[in-house]
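*Asks:* Letter by letter, the chains look like this.
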Amino acid sequence: MFRKEDVHSRSNVKSSVQRTLKTKLVSQFPKLEEVIDELVPKKSHVELIKCEDKIQLYAVDGEVCFFQKFDELIPTLKLVHKFPEAFPTVQVDRGAIKFVLSGANIMCPGLTSPGAQLPEAPGLEKDALVIVKAENKESALAVGRLLMSTEDIKSINKGHGVEMIHHLGDPLWTFSVE
Amino acid sequence: MSLRTVIYCGVCSFPPEFCEFTGKLKRCKVWLLENHPEKYQSLYGDAEVEDAAAKLAGSSIGEEREEKLEKDLLKLQSKQENREQRELAKKLSSKVIIKREARTKRKTMVAIAGLEVFEIDMKKLAKTFASKFATGCSVSKNAEKKEEIIIQGDVADEAETYIQKLLEEKGLKEVKVEQMDMKKKKKPTTTTPTPAA
Ligand SMILES: [Zn+2]
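Just so you know, the sequences run in chain order A and B.
Take 1 as the starting number for the first sequence in the working numbering and just add one per residue.
Take 1001 as the starting number for the second sequence in the working numbering and just add one per residue.
There's no promise every hint is true.
Heads up, simulated DSS-like pairs for lysine-lysine below, C-alpha to C-alpha not over 30 Å straight-line [as the list claims (entries may be wrong)]:
1) K1124/B to K14/A
2) K1124/B to K1170/B
3) K1029/B to K78/A
4) K1127/B to K50/A
5) K4/A to K1146/B
Covered stretches of chain A, going by a simulated chain B footprint (3 or more residues, C-beta under 8 Å) [claimed, not checked]:
6) 32-41
7) 74-84
8) 88-99
9) 107-118
10) 135-143
11) 161-173
It is worth saying that the hints were derived from the structure and are not from the lab.
Quick caveat, the model's predicted, so the values are computed rather than measured.
Even glycine gets a Cβ: it sits at the ideal position worked out from N, Cα and C.
Chain A on its own, in the form it takes in the complex (with noise of 0.2 Å):
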């Protein structure tokens, strides 16, 4: 979804429009609470970077940290890494981390089989924004929303189960700021 060609325009963020962000993002992920002031310090350079199809990047000293198309902010894998118990997870088999990789949305056998790990009912919903680990590895490598709710994935194990955002790789992953 997002090239690095695709970079339009960059400006600094003021510290207010910071404040606002952060509060934002705490909102959607209320753990980020307790170290936000350390994701996004006081006295950070906060960039914006407006791209291709309204995708707006968020970096942070340097490294983008979060995006966002519509209303939402989507966390980088960057930053979940930092603080992976901010977000809802799921887990794919060691089988379907190829094509995770290879940016495939994930069908819902690699969510149920034995290596792989879905929260206990009720779940998540429909929609709902998760990130996506992989059997015997500690750091996430994707970053998807659910495309069925997450006992519905259970229930109906077939089809897809998870859109792919951002996945380690990707345009995103590999830009960087300069």
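Chain B with the ligand: place on chain A using the hints.
*Replies:* Same frame as chain A, but now just chain B with the ligand:
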């Protein structure tokens, strides 16, 4: 609670536990062993001694699928290595040309061509040169429609040193950097026309 620091692989940029999926595993391992030996130990430490069976025990996807995955990853790796070798050969066989050209009696400019093969960001380099040499520096297309860096001033030697350092950092020390003097033609000393060679 505070933030975690994740190591990112200097070769493939992924967290090292995902290096096996990038096809660059051989080089990734070398990097990790050099830069984070403890992490190397925890990821690959006993893999050399133990066999595939131990690895399988930790995986849920079954022997057959694991074998296939392993095969796929090996295939990916050799593909990637072949590609890298081809690219390296191409790089090593190209050269950078630095032309020094007199504009007026006292003014000289330098044109640098052939950088595009080496994945050097020319715009960025032009900016670096502009501030390093406190002079005008830009990127423009030459007659062959290839991009060139044009620097105002007689800084060919300094530019050469800098580019050589840059190539060395990329492990491309052997690449030739050639200087050419394009002296402004004085009145020809001979009247013989150059034979068409
Ligand atoms: Zn690697």
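*Asks:* Within the stretch 107-118 of chain A, is the number of residues with a Cβ closer than 8 Å to a Cβ of chain B three or more?
*Replies:* Contact hint for the stretch 107-118 of chain A vs chain B: holds, 3 residues under 8 Å.
*Asks:* Given the hint that K1124/B pairs with K1170/B, test it: the Cα-Cα distance must not exceed 30 Å.
*Replies:* holds (16 Å)
*Asks:* Taking only the CA atoms, is the gap from K4/A to K1146/B under or equal to 30 Å?
*Replies:* holds (22 Å)
*Asks:* Can you tell me if the stretch 161-173 of chain A counts as covered by chain B, using C-beta to C-beta distances under 8 Å and a minimum of three residues?
*Replies:* With 3 residues in contact (Cβ-Cβ under 8 Å with chain B), the coverage given for the stretch 161-173 of chain A holds.
*Asks:* Are there at least three residues in the stretch 88-99 of chain A whose beta carbon sits under 8 Å from a beta carbon of chain B?
*Replies:* holds (count 5)
*Asks:* Straight-line Cα separation of K1124/B and K14/A no greater than 30 Å?
*Replies:* holds (27 Å)
*Asks:* Mind checking, does the stretch 74-84 of chain A have 3 or more residues with a CB under 8 Å from chain B?
*Replies:* Since three or more residues must qualify, the claim that chain B covers the stretch 74-84 of chain A holds, with 4 doing so at under 8 Å.
*Asks:* Has the given pair, K1127/B with K50/A, been kept, meaning a C-alpha gap of at most 30 Å?
*Replies:* holds (23 Å)
*Asks:* Per the coverage rule (Cβ-Cβ under 8 Å, at least three residues), is the stretch 135-143 of chain A covered by chain B?
*Replies:* With 6 residues in contact (Cβ-Cβ under 8 Å with chain B), the coverage given for the stretch 135-143 of chain A holds.
*Asks:* Quick check: the stretch 32-41 of chain A, covered by chain B? Criterion 3+ residues, Cβ under 8 Å.
*Replies:* Held - the stretch 32-41 of chain A has 4 residues with a Cβ nearer than 8 Å to chain B, which meets the minimum of three.
*Asks:* Given the hint that K1029/B pairs with K78/A, test it: the Cα-Cα distance must not exceed 30 Å.
*Replies:* holds (22 Å)
Hint compliance for this structure: no hint is broken.
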